[in-house]
Amino acid sequence: MLSFLLIILVSIFFMGLVIRTKSLASGRKGPGILQPMKDIVRLWKKGSVYSTTTSIIFRIAPTVYFSSIIMAILMIPHGNQPGIISFGGDFVLFAYILALGKFLMIISALDTGSSFEGMGASREALFSMLVEPAFFIIMGSLALFTGHTSFYDMFSVLNYGSYISYLIGALSTFVLILIAMIENSRMPVDDPKTHLELTMIHEVMILDNSGFDLGVILYCTPLKFAMYGALIANFFIGSLPLQISLPLFFAIQIVFAVTVGILESFMARFRMSHNPQFIFILTSVSLLIFFGVLLVLGKFI
Amino acid sequence: MEVSQIVLVTLFVFLGGIIALSVVSEKHRALIAIIVVVINALLTSIPSVLALSGQVQLGTLLLPHLPGQVINVRIDSLSAWFILIINFTSINGALFGSGYLKSYQHLKTNIGFHWIFYILFHISMIWVCMFDHGIIFLISWELMSISSLMLVIFEYQNKATLKAGINYMIQMHLSVVFLTMGFIWLYTETGSFNLSSLASVVSNNHSIWIFVLFFIGFAIKAGFLPFHTWLPHAHPSAPSHVSGVMSGVIVKLGIFGIFRIISYINHDWFIIGEVILSLSVITALYGIINAAVKYDFKKSLAFCTIENIGIIGIGMGLGLIGIGTQNEIIAILGFGGALLHVLNHSLFKSLLFFSAGSVYQQTHTRNIEKLGGLIKTMPVTAFFFLMGALAIGGLPLFNGFISEYLLYSGLFKGLLSGTGISHVILIVLSIVGLVMVGGISIISFTKLFGVMFLGNPRTELQHEPREASFIMLFPQYIIVALMLSIAFFPQFYFGHVLDIIHSTFPNLVALNNVQIGVINTNLTTIGHLSLYFILLLLVAFVVRFILLRKRKISSCETWGCGYVAPVPKAQYTGRSYARSFGNLFGFVVIERKNFKRISKALLYPTSRKFSTYYFDLLEKYLVMPLMKRISFVMNYFQFIQNGKIQSYVIYGLFFILIVFIGTVFHLIK
Chain A
71 MLSFLLIILV
81 SIFFMGLVIR
91 TKSLASGRKG
101 PGILQPMKDI
111 VRLWKKGSVY
121 STTTSIIFRI
131 APTVYFSSII
141 MAILMIPHGN
151 QPGIISFGGD
161 FVLFAYILAL
171 GKFLMIISAL
181 DTGSSFEGMG
191 ASREALFSML
201 VEPAFFIIMG
211 SLALFTGHTS
221 FYDMFSVLNY
231 GSYISYLIGA
241 LSTFVLILIA
251 MIENSRMPVD
261 DPKTHLELTM
271 IHEVMILDNS
281 GFDLGVILYC
291 TPLKFAMYGA
301 LIANFFIGSL
311 PLQISLPLFF
321 AIQIVFAVTV
331 GILESFMARF
341 RMSHNPQFIF
351 ILTSVSLLIF
361 FGVLLVLGKF
371 I
Chain P
47 MEVSQIVLVT
57 LFVFLGGIIA
67 LSVVSEKHRA
77 LIAIIVVVIN
87 ALLTSIPSVL
97 ALSGQVQLGT
107 LLLPHLPGQV
117 INVRIDSLSA
127 WFILIINFTS
137 INGALFGSGY
147 LKSYQHLKTN
157 IGFHWIFYIL
167 FHISMIWVCM
177 FDHGIIFLIS
187 WELMSISSLM
197 LVIFEYQNKA
207 TLKAGINYMI
217 QMHLSVVFLT
227 MGFIWLYTET
237 GSFNLSSLAS
247 VVSNNHSIWI
257 FVLFFIGFAI
267 KAGFLPFHTW
277 LPHAHPSAPS
287 HVSGVMSGVI
297 VKLGIFGIFR
307 IISYINHDWF
317 IIGEVILSLS
327 VITALYGIIN
337 AAVKYDFKKS
347 LAFCTIENIG
357 IIGIGMGLGL
367 IGIGTQNEII
377 AILGFGGALL
387 HVLNHSLFKS
397 LLFFSAGSVY
407 QQTHTRNIEK
417 LGGLIKTMPV
427 TAFFFLMGAL
437 AIGGLPLFNG
447 FISEYLLYSG
457 LFKGLLSGTG
467 ISHVILIVLS
477 IVGLVMVGGI
487 SIISFTKLFG
497 VMFLGNPRTE
507 LQHEPREASF
517 IMLFPQYIIV
527 ALMLSIAFFP
537 QFYFGHVLDI
547 IHSTFPNLVA
557 LNNVQIGVIN
567 TNLTTIGHLS
577 LYFILLLLVA
587 FVVRFILLRK
597 RKISSCETWG
607 CGYVAPVPKA
617 QYTGRSYARS
627 FGNLFGFVVI
637 ERKNFKRISK
647 ALLYPTSRKF
657 STYYFDLLEK
667 YLVMPLMKRI
677 SFVMNYFQFI
687 QNGKIQSYVI
697 YGLFFILIVF
707 IGTVFHLIK
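Which chain is which? The protein sequence lines are A and P, in order.
Offset between the first sequence (1-based) and our numbering: plus 70.
Offset between the second sequence (1-based) and our numbering: plus 46.
Covered by chain A, per the in silico footprint, the following chain P stretches (three or more residues, Cβ under 8 angstroms): (1) 452-462; (2) 472-484; (3) 498-504; (4) 568-581; (5) 587-599; (6) 623-633.
Just so you know, the hints here were simulated from the structure itself, not pulled from any lab data.
Note that beta-carbon positions come from the ideal geometry of N, C-alpha and C, so glycine has one too.
Chain P extracted, bound-state conformation (with noise of 0.2 angstroms):
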């Protein structure tokens, strides 16, 4: 089957899927949903797996209506890496959210719905990776977009939820917006929507500020810093399965087009390097200082994804960095890492949203503090959010430990080759960052991890929480396989990762293939070396399980220094755990306290309330006085919606007379 017809039976999947979930009873909906997730993944990772191999899958669409007529529909190498993970992490989305969703049985029209726009949601996130021609992306970016709102405001009788499905909205709409004024631009600039034919403007001195348009409207969806205000209200509100597949992959779209848009330039990539690889760098710091202070789990991973995407960002700008300098190995290394990363932070998010999910399940709260001993009632979701802990920060014997290596190669490959004082500068600058950002990392999925999971529970929940349901725990048992088989054999999927860079970026020089080879050999090194530490571990924990066997082992309390009454609110907090970091970072990461100061007149004590909170200071200090001076200025014009009928007629009049106007002075062509 031909790849542009793939796309119509997936879209006729798609209408099925809405027929049937309409009509089948509230019971089987989300088998429905999986049902026809699995079929669209199916049916569009075949040619995904084809283009992977090296058979680029292309196919066209006629119609006539647009702008040149035929729609391109491709699938090459790096569309089908990310196709392949939207497909994997859409199924299990649906998988844990079939489960997820059982305890909101009461809302039986969300359910139906929230169903109908996940598949959508999934379907449209592959047509994004399809197309080529403009407007066929714009709308399937929209679509995109919408369904995801949906999804997140799930719960919209809650206000804060629909207030962050709002700002979501709109941030989205900004990014549309930029990408748009690119795809305008790119047509007048080459009578060409296809995305592609950014290739052949590039020559032009303005060239780069159509770049610099996409690069915006990707960039906000990807959550890079300025624009990233939306990932931290969003991904809370959402539904616990559907921030694992938002953070899992709709933020990687923007990276797709990101790396879309960088394979097409053809000058100056140093410089965008340079440039690309600081923003990334601070991305980085900034989402993981932020991730490290929060005591609402979710929100604290919203901003750990962030910080993912600095580091994608690190790999991305690094590559540019090593094409700028005809330096092929850095380029790989910096590109490979980025795509390993796109694919490992899918896989760890995930898993850590969809444990954090089974808490938020059986617990009902979001916050930290209420928590603690879960380990003991949840044994399996503990493990599986240790595990993406131990993953996403980096270490050995884990899949993102393989990423991080191939990052910190090229940039140290890139310090060796340096051109020039400030490059090498930035270079070392960047590794100080990345290892930063591994050991605050640390700090912050210690905290999650220690005070949700470790010690005694803090207070008293409203019922004993329970192990998740099976259907919740399988997809988690299948991401895990997949992170291990990457921390095991990385030198099978860095080979498909050469291949995407090899047909996406052309420009590369003849691959320098010794050079290529010792990286191989090193990857492999360090998938044997993984299992050889858990022999390691395996015969150390067998010496000290023979040499314990016959002593004697007894149990008692936790030693409380001689203090005999320890009640469990005296345990060490998120909040106290982090807070000699937040102090050290308290430039960035300003407390605030909430509490009303004890009057004078008050004779008798009252009961009170005392809490802190760290506010985002990119929010409160640049985004938020930006839009209040935009919504200012924008009052001014609010006459002009204002409702009557009469004055919309007279809009269009106005309208026709300045184009009879313009036509009659030329000022129209």
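Extracted from the complex, chain A is given alone in its bound form (with noise of 0.2 angstroms):
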């Protein structure tokens, strides 16, 4: 419980802080940390305009998306404060619930009839297939470290021992840090401040949605990003007490935002041929985890 509401807590300001991080590093004041927040209670208060060639299925898939990300939240514990749920096994479902959502986000871009759309549902299709991989080794390499399959039990146990281990859990970061980038269509592999539809993955998708359904896929982005803050702040929190996970809890928080808003400052977005072998890193990093990991346990034979 403790961590859904963190979650939702950072998700207000997180995207401010990025923005506030954009705006300083070109040198402009920037909008209040608050701005994008307000942006999206806006939209949650307007009606709708919906293209002729819809179907049902655009009507429904943004609240489906919404509500997979809840229940993905739901999985990601605090420290030794368990998630609302846990069982063994949990990020299968974790990785499978954030599918069903962006499974129903691709075909309502599909169900425009609009060829820009059918392009981004292409490419996210495409990115997020590829990132998963990534993802489940690094949670293969954390239950082979601490011999445990669910969240709870695997960052509750997580300890660093050795030099490797650190390394481990930088690398990790990295990872995550990466694979929250690509989930979000930021800047490496998309810039959603681009104007041109061709060149667009996520915000291409959603080209045709507005009002109220366009807020809750915009609010989804923020979301999102504290999750995967949350999921990294777990590889520093272990079983600190709470009057010291709290504030590292934020303080990661935030050092992600602004880390997300340099990035975003200073590298430019790579050609869209370019992104598979970039994602392809990704897996590559979280398979010299998995080795790490066996150097580790001295499993190398």
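Each of the two chains sits in its own frame; use the hints to bring them together as a complex.
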């Protein structure tokens, strides 16, 4: 429960921090921390315009997408406090329920009959397929490392002994940050601020969404960021008591948001055809993590 | 009634069915066929249910001409599981088929024969599960292959269909050849034709080759990798209810055979498990990568069947590894995942083929690029296809997730109990493979559903598609209900699967009840979570409804980026959707273009054609060259079959001579 509330809280100011960092990096003052959230709330108060081509799929997809992310957030623990949902192998459900939301979003993009949105849908499906192995290999390494297969057990047992295990933590953080960037269609693979539909992924999928539904979809981005941030935070919280873990959690989320802002400010978007290679790098880095774990456990014979 | 009597009764019901089908008028043929299938299904389901509840049904038939004389008829829990799946899918197939064939009413004789072969097909599949004696087993196996061949070539006037049928027939007979060799070897080794005598040969060091023979024989039926080439041809050519049943159950009989033989292995589990696991991961990946790029929706579904066979194989390989490493929990998760996936796949694949069949019946095309916007004219069919697509991707709320969850748990447990680096790496690569299969199946099914049912119609169809008739929709409702029951109450099905594993693999060491309890609670949790997720969805929808109730909802055209004359053909097509994926996996799925270059002498443009297609890499570069070489060599032996009766008589003489010389010189004992 604690972790759920924390993630919701962080999601409110996360995008504000990212945008503030980007503004400062480009020498502007930038909007207030809560401005992106205010924009989303403004959208929530609006009506909608639907395309005549669309069917019921288009109307239900944003809500399913949102609910799937909420469901996934419910599984994330906070240090030694388990998430609301916790059972052996819950990260499989975590990944698959996110995929359910994505499936609906992809077909809702195809529902509009627009070639731009089809293009975005195709890219989203391809890139999220490529990202998935990295996440599962990290989870596999953690499972091997700790001997457990649920988020809560893995993170509460996780403690660093040797230098290599610090390296494993650092690499996992790196991979999770990039997974978060790709899943949210941020800078190195996609630029949400671009105004050319041909180069977009997620933004072009939701061209036809408007009003309330658009607000729901836009709110999912900070939610997902905060969710991955909480996963990263769990690498470092371990079983620390609450008075240390809470400030640490916020500190990590803020650092995460600032990192995202800095990455977006100083990195250029890749050419679309280079994205798969980049995403495959994540899988190979996570394989490095896996071998690191094997090394720590002395399984290299 | 004893189970051997039941076999005889099913035979008489089948014969009665043939007579009834030949005397009644055309209108009632489908009804008769349904009745016969239902009677046979009921007759065989009763002992199966008893067998599942722990009482193995045994019986004997006396056939004095055959070696061994006594034919064992046996329904244990493994065959009961498959028999129940066969019965369920066949009844649904018959119901759907009775509606589907209405549009072929002008082919009167075809339909009569079709139903005769359908009831034979159903009952022969059940016989395969019942008989232990090799010769009877092979006869049932052959009946099954022949009858399904006749079902596949329903539209034999179509050349492509006939070609696919012949391809199917040859490959099925290759399977029979391997099985026959296996049985003969078994007989020379043990003096018994019974499949169960496999358990007594395995101490020999060449027993592994008997296993390999049987494995290849069954793998051809199941569609494991180099032997998969019949599937993508046979499934699209067959009428949809037949493809549904074939994909749902006939390939599962190959799985059934493999389950049978691996239950008799009593050594080398670990290495066999690793081989099956690697082969299955490759099969699954190859199947789904091909499924993602195909334009023909039934072909795509056929490749997807190969993928699912791979997933089932992953479970079997994992189970064997579990036995080999003395880790019964891995074995249970592996075999349990495999058996549940057999059931799950038979459900959602027949659902997908049925709903795709409804689309084909209405639109008369299998090319997804010509479809679009069908959700508006066929909403219920679209709903069923979506259910099947979500379930086959292993997404939560549906049954596919349950079996994939078991497999993932097993793989992760296998990772933890690793013995040696190569094993751990194999397991982690299998996890990566399974994850990628899940991701790619999302690509292929968003493509199929999105292009077929959403957007605007891409071409003008001959007539406006209408919703399928009730008799075609009815079985799909039942399938969806069963699918959801698995998703919400997985522990019930897992309990049965557990019993099957108990009785089929007696080699498993004493079961660790605590860990099984943990799996059971996890499954129960998943079932509950699915319910909670639905509640969450409902709450979200209600909130959305209340908020939007009084607001202004307007509609207009899709935003065209300023372009004012959008045409439906400019929509994203299946090809463009899968293009970047196809490029990425270009080493597996190679795209070819069909067009004529414009010659320089051509002054005025004429109408031209351009098309692209993806071909099956293994078929083109492995199977076909091999076949070409074989038929080239076989040409030299053509003189043997020259059509002259005189030379055939001489062959007989030669044979007698050889036997005579052999006996004289004690070459033949």
